[in-house]
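Enquirer: Order-wise, the sequence lines are chains A and B.
All you need for our numbering is the position in the first sequence, starting with 1, plus 232.
All you need for our numbering is the position in the second sequence, starting with 1, plus 699.
Derived from the structure by calculation, the hints contain no laboratory data.
Note that CB positions come from ideal geometry on N, CA and C, so glycine has one too.
A hint or two may mislead.
[Stated by the list, open to error] With beta-carbon atoms standing in for the labels, derived distance ranges:
hint	chain 1	residue 1	chain 2	residue 2	range
1	B	Arg941	A	Arg407	51 to 59 angstroms
2	A	Leu239	B	Arg764	43 to 51 angstroms
3	B	Phe767	A	Asp315	42 to 50 angstroms
4	A	Gly319	B	Gly882	48 to 56 angstroms
5	A	Pro406	B	Ser742	54 to 62 angstroms
6	A	Glu365	B	Ala815	55 to 63 angstroms
7	A	Ile427	B	Leu747	47 to 55 angstroms
8	A	Val247	B	Leu753	53 to 61 angstroms
9	A	Pro406	B	Thr712	22 to 30 angstroms
10	A	Tyr267	B	Ala725	49 to 57 angstroms
11	B	Ala720	A	His509	37 to 45 angstroms
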Amino acid sequence: MLLPAILYVLALVGVPFLLAFVYAVGDVKVASTGYHFVGLANFESVLRSPAFRRALSNSIIFTVCSQALVLVGGNVLALVLKDAFRGRRLIRFLVLLPWVAPVSIGSIGWKWILDSLYSVINWVLIRLHLVPEFSPPMWLGQPTLAMISVILVHTWHVLPFATVILLAGWTAIPRDIPEACAVDGAGYFRTLFQITIPMLLPIINVALLFGIVFTFTDMTVIYILTRGGPYDTTQVLPSLAFFTGILGSDLAEGAAISIFLLPILVLVAWRMLRTAHRAEVG
Amino acid sequence: MASRRRTRRILATSARWGILAAFSAALSFPFYWMLITTFKRTSDLYNLKNNPFLFNEPPTLEHLRLLFEETLFPRWLWNTTVAGVCVVAITLLLALPAAYALARLTGRWGERLGIAMFLTYLVPPTLLFIPLSRVVATLGLQDTIWSIVVVYPSFTVPFSTWLLMGFFKSIPRDLEDAAMVDGLTRFQAFLRLVVPISVSGILTVVIFSFTLVTQEFVYALTFISSASNQTVGVGVPIFLVRGDVYYWGSLMAACLIASLPIGIVYNLFLDRFIAGFTFGSVK
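If we strip away everything but chain A, and leave its shape as in the complex, we get:
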């Protein structure tokens, strides 16, 4: 009974996974049918290219910044959402929308909000006299702003997911523990940082691990908002692999770029196994 599922997954995850390595050490192009082993030549050419190095550092910046924002935002949001109050269901629905709605669709909504000419954000900023009327910020057209925009939009998308996971942790803390601390004379913030947050660490760990996978390996927000532009300044590893391997039809080099996603994935999988193991033992 197990076999069909395992075979299906092996055929469509295991086989392509191995093929990715085979391609990365070969010379496959979309049109070609032959295959020649070229050793590490693809990796060498990838590592030498400035576009790759830029994409690698962008991937790291993209992941670190958005996950930092998600952890702070997610915990604050979980803290205010955890107790019952009137309208909680509605607010929870509004807050969750960015995660439950398709991300490509949400991103195109942001593309309109950040439009070079009709941006509603610029309209507000101009009325508040925060930016000059005739040269408002080009959110997606200027390298630094474009990077900030894609980070914020991606954060917008994954924040609700982290919030719900963290919320599960926050609601599981017995009420009497913070109360006992208050009786013992500990203030609100002392209880928060010395008791509550340490208790939450396992669940924060889980939220962070999923967050890293969903951020480091994703290209949807960047593909839709900037296509990696302007001038490849917001390119990340997955999007570079897509442009090289699929649109540029250099399958071998594209595969070589994707393989650089692997170290992070292995690290995350290892941490996750430890978490699962501890839950099993504990």
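Once you've looked at the hints, dock chain B against the given chain A.
Expert: Chain B only, in chain A's frame:
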């Protein structure tokens, strides 16, 4: 003393509502903006002197008419539905027996195999899309909706198996044993006893698999090149743009229609879905 405590409580409550208001406004703003844009006249949208938050001209249904009559949008909705139903069917067919078998395996091996299965869910499309594009071409499925019907179960099955395994484990084994003593086969016992008890788990899997078809972007973009064979998730952001011209009114209408129903349904099942992600690290 008492009044100081009251001031503090009022402060805490207002801080909390302030945070709630700020977050829900920021997070739901794009959807509100889609709604406003959908019903605005083009001349109103593109007049820089107008306040974009207001209807400066009477609202219109023109964008919706354009979307349904002159674009491929209805076609994309149909494609998504067909692919969604097929993916759900394949997922249930593979994941139900697998999860049941794992739940009933003795010792720790069931749990461990389940976790191994779950980990394959983490292997991202962006690592596999290049070799898979060749596999799909070899199977002759390139540029058809069937390419994603075949590929999507590779991540709906691992996650669904993991989720269902949790459900099946909570059902006492004695129940089936008793039924089998009464003359039912294991398969009958599974179908008549276990499945009805696990309806909510199965429903979660159905919703998860279906929404995934609307949400997935990378594979659909890679495998399908014709606009008419796309799903909503790729069709709307990529193919609703003609040349370099964005028809923002219809585009936002399409976004709203594609995201709200999915959002509402998914939201109802989110808690069960999240339980699959936390590995029991919350108890």
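Enquirer: State the violated hints by number, sorted upward, taking the hints as numbered earlier in the document.
Expert: No hint contradicted; all consistent.
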